[in-house]
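Participant: Sequence:
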Amino acid sequence: MNSGLPLGPCLWASTVQSHVSPPPPPPSFCGAGLQSGLREQLRGFPDGAAAAFAAAAVAAAAAPGDSGQSEGFRVMEKDLAPFQGGISKEMMANVVNRKLGTHYQIIKNELYREHDCMFPARCSGVEHFILEIINHLPDMEMVINVRDYPQIPKWMEPIIPVFSFSKTSEYHDIMYPAWTFWEGGPAVWPIYPTGLGRWDLLREDLARSAEKWPWEKKVSKGYFRGSRTSPERDPLILLSRENPGLVDAEYTKNQAWKSEKDTLGKPPAKEVALVDHCKYKYLFNFRGVAASFRFKHLFLCGSLVFHVGEEWQEFFYAQLKPWVHYIPVNTDLSNVRELLQFVKENDDLAHEIAERGRQFIINHLKMDDISCYWKILLTEYSKTLSYKVKKKKDYSKISPKPLKTEL
4 MNSGLPLGPC LWASTVQSHV SPPPPPPSFC GAGLQSGLRE QLRGFPDGAA
54 AAFAAAAVAA AAAPGDSGQS EGFRVMEKDL APFQGGISKE MMANVVNRKL
104 GTHYQIIKNE LYREHDCMFP ARCSGVEHFI LEIINHLPDM EMVINVRDYP
154 QIPKWMEPII PVFSFSKTSE YHDIMYPAWT FWEGGPAVWP IYPTGLGRWD
204 LLREDLARSA EKWPWEKKVS KGYFRGSRTS PERDPLILLS RENPGLVDAE
254 YTKNQAWKSE KDTLGKPPAK EVALVDHCKY KYLFNFRGVA ASFRFKHLFL
304 CGSLVFHVGE EWQEFFYAQL KPWVHYIPVN TDLSNVRELL QFVKENDDLA
354 HEIAERGRQF IINHLKMDDI SCYWKILLTE YSKTLSYKVK KKKDYSKISP
404 KPLKTEL
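So the sequence shown is numbered by my numbering: it starts at 4 and just counts up by one.
Hints listed in this document are in silico derivations from the structure and should not be mistaken for laboratory results. Virtual Cβ for every residue (Gly too), placed ideally from N, Cα, C. Among these hints, one or two may not hold up.
Unchecked claim - Using 30 Å as the maximum straight-line C-alpha spacing, the simulated DSS-like pairs for lysine-lysine come out as follows:
#1 K215 / K264
#2 K224 / K347
#3 K220 / K400
#4 K282 / K81
#5 K407 / K386
#6 K157 / K102
#7 K396 / K157
#8 K111 / K393
#9 K92 / K157
#10 K102 / K393
#11 K282 / K102
#12 K102 / K347
#13 K282 / K347
#14 K391 / K102
#15 K386 / K347
#16 K404 / K111
#17 K347 / K111
#18 K369 / K92
#19 K92 / K347
#20 K369 / K395
#21 K404 / K386
#22 K220 / K369
#23 K81 / K261
#24 K92 / K282
#25 K220 / K157
#26 K220 / K81
#27 K396 / K369
#28 K224 / K282
#29 K261 / K215
#30 K220 / K404
#31 K391 / K407
#32 K391 / K157
#33 K273 / K347
#34 K92 / K273
#35 K391 / K111
What the hints assert, rightly or not - Listed next, with one range per pair, are the computed distances between beta-carbon atoms:
#36 R340 / G89: 33 to 41 Å
#37 N112 / N366: 40 to 48 Å
#38 L204 / K394: 48 to 56 Å
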């Protein structure tokens with residue numbers, strides 16, 4: 004892959020300087036007096052939060068121009084780098100035989116798939132985007148993992164190509180835009196009974212809710228509703244019980260819920276629709292089994308996103324910068340009180356970060372951007388195949404489904 008990728012309509016995939024770097028810091032941070040101005044502005048703030056913001060402000064003020072390739076495409080380039088020596092027919096057979104995902108083939112602008120798919124709605128969400136761009140794709144075949152967890156740890160030899168929606172730095176999986184941009188997300192009764200999806204429709208709903216709850220009307224406290232998929236969430240729930248004026252955080256049920264022991268000794272709270280999160284200024288995002296599907300939605304409330312931990316990634320995360328688009332929180336939440344106090348005392352600054360995060364998602368994570376990323380990812384991946392793909396006789400042709408017009 005080279006840096007001159009055919010970006011097409013991917014506005015978010017333009018240069019970091021144009022689209023990812025934040026606007027200039029407030030006037031008191033600018034010019035020759037930057038360092039002294041920062042010290043004056045941050046005097047009396049908690050040390051950890053002040054130091055982190057100061058570093059971000061200095062970096063924003065002095066951000067150099069980018070070489071022309073965005074962070075998003077650096078992620079793609081890094082994911083595909085292990086396969087630049089070529090993917091052989093034997094290597095692909097090894098991947099398929101291991102059953103690490105669903106095997107797809109694209110031949111003469113038609114999409115084919117093996118019969119079995121572990122999660123049909125997830126496969127359908129993936130297929131929607133591939134079918135949208137099928138006329139622009141060369142022949143290829145690939146294995147797409149629709150499980151929650153990545154499949155190719157870095158200790159595995161040989162390295163084999165598997166597409167997964169999320170991973171940590173300890174995996175070689177190739178990240179792709181998750182199925183939930185269209186369908187197949189978690190089913191949450193009664194708010195999302197058929198599963199979270201239709202990013203395009205949710206964007207509109209969240210925009211209306213953000214308008215209903217502008218910054219000055221939002222409740223100035225942290226907010227979280229979700230199931231206990233990870234004990235990393237426990238400290239926030241306990242903090243909420245200790246200091247409900249600072250945080251409103253409760254556990255809801257999930258499929259594994261059996262008793263109040265699963266919700267830290269209290270009855271599970273009712274599910275709350277994403278649009279109703281917009282009432283609060285500070286919204287918390289945690290990892291689930293892997294990366295959390297809620298992350299991108301929270302920004303559209305115009306609220307300040309508190310992102311806990313940096314380990315789990317999706318394809319677009321690298322373009323979101325801590326202290327520029329969101330507030331980074333230690334995985335153990337050891338700094339959460341300090342951070343909440345920091346943003347409460349610096350409301351204008353918190354609002355600026357929240358607005359930059361919202362604008363980034365609005366402008367650079369549209370449905371066209373998702374399709375564009377898929378197109379470039381698959382086109383570049385196809386160049387690594389060192390053989391001519393032949394259709395398997397027992398594979399089924401996948402055709403577009405009727406458009407679902409509601410969430």
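Participant: Work down the list of hints and note, for each, if the structure agrees.
Facilitator: Against the structure, the hints:
1. Note on K215 and K264: the hinted pairing is violated, with a Cα-Cα distance of about 37 Å set against a maximum of 30 Å.
2. With a C-alpha separation of about 9 Å, the suggested pairing of K224 with K347 holds against the 30 Å cut-off.
3. For the hint linking K220 to K400, the alpha-carbon distance of about 51 Å lies beyond 30 Å, and the restraint is violated.
4. Distance hint between K282 and K81 is unfulfilled; the C-alpha atoms sit about 39 Å from each other, more than 30 Å.
5. For the proposed pair K407 and K386, the alpha carbon gap of about 34 Å is over 30 Å, so the pair is violated.
6. A threshold of 30 Å between alpha carbons decides the hint, and for K157 with K102 the separation of about 18 Å falls inside it, so the pair holds.
7. Between the alpha carbons of K396 and K157 the distance comes to roughly 34 Å, so the proposed pair goes past 30 Å and is violated.
8. A distance of roughly 11 Å separates the Cα atoms of K111 and K393; the hinted pair therefore holds under the 30 Å criterion.
9. For the hint pairing K92 with K157, the CA-to-CA distance comes to about 22 Å; that is within 30 Å, so the pair holds.
10. Restraint check for K102 and K393: satisfied, since their Cα atoms lie roughly 19 Å apart, inside the 30 Å limit.
11. Taken as a hint, the K282 and K102 pair is broken in the structure, with Cα atoms around 44 Å apart against an allowance of 30 Å.
12. At roughly 50 Å between alpha-carbon atoms, K102 and K347 are farther apart than 30 Å, so this suggested pair is violated.
13. Of the supplied pair hints, the one linking K282 and K347 holds, its CA atoms being roughly 16 Å apart against a limit of 30 Å.
14. In summary, the hint linking K391 to K102 is supported, as the alpha carbons are separated by about 22 Å, within the 30 Å threshold.
15. For the proposed pair K386 and K347, the alpha carbon gap of about 51 Å is over 30 Å, so the pair is violated.
16. Our distance criterion of 30 Å between C-alpha atoms is met by K404 and K111, whose separation comes to about 20 Å.
17. Restraint check for K347 and K111: the C-alpha separation of about 57 Å exceeds 30 Å, so the hint is violated.
18. Annotation: proposed proximity of K369 to K92 is violated, straight-line Cα distance about 35 Å (limit 30 Å).
19. A distance of roughly 58 Å separates the Cα atoms of K92 and K347; the hinted pair therefore is violated under the 30 Å criterion.
20. Of the supplied pair hints, the one linking K369 and K395 is violated, its CA atoms being roughly 35 Å apart against a limit of 30 Å.
21. Between the alpha carbons of K404 and K386 the distance comes to roughly 29 Å, so the proposed pair stays at or under 30 Å and holds.
22. Restraint check for K220 and K369: satisfied, since their Cα atoms lie roughly 27 Å apart, inside the 30 Å limit.
23. A C-alpha spacing of about 42 Å is found between K81 and K261, which places the hinted pair above 30 Å, so the restraint is violated.
24. At roughly 53 Å between alpha-carbon atoms, K92 and K282 are farther apart than 30 Å, so this suggested pair is violated.
25. Note on K220 and K157: the hinted pairing is violated, with a Cα-Cα distance of about 48 Å set against a maximum of 30 Å.
26. Simply put, K220 and K81 have alpha-carbon atoms about 43 Å apart, too far for the 30 Å limit, and the pair is violated.
27. The hinted pair formed by K396 and K369 fails the criterion: a straight-line CA distance of about 37 Å is larger than 30 Å.
28. For the suggested pair K224 and K282, the alpha carbons sit about 10 Å apart, so the restraint of at most 30 Å is met.
29. Using a Cα cut-off of 30 Å, the hinted pair K261 and K215 is violated, with the two alpha carbons roughly 37 Å apart.
30. With a C-alpha separation of about 42 Å, the suggested pairing of K220 with K404 is violated against the 30 Å cut-off.
31. Using a Cα cut-off of 30 Å, the hinted pair K391 and K407 is violated, with the two alpha carbons roughly 36 Å apart.
32. Between the alpha carbons of K391 and K157 the distance comes to roughly 28 Å, so the proposed pair stays at or under 30 Å and holds.
33. Between K273 and K347, the direct Cα distance comes to roughly 27 Å. Compliance with the 30 Å bound is thereby established for this hinted pair.
34. At most 30 Å may separate the alpha-carbon atoms for a hinted pair to count; K92 and K273 exceed this at roughly 51 Å.
35. For a cut-off of 30 Å, the pair hint linking K391 to K111 stands: about 12 Å separates their Cα positions.
36. Distance hint check: the CB atoms of R340 and G89 are about 52 Å apart, inconsistent with the given range 33 to 41 Å.
37. In this structure the hint that N112 and N366 lie 40 to 48 Å apart at CB is violated, the actual value being about 31 Å.
38. For the hinted restraint 48 to 56 Å between L204 and K394, the CB-CB distance of approximately 35 Å leaves it violated.
Against the hints set out earlier in the document, violations occur for numbers 1, 3, 4, 5, 7, 11, 12, 15, 17, 18, 19, 20, 23, 24, 25, 26, 27, 29, 30, 31, 34, 36, 37 and 38.
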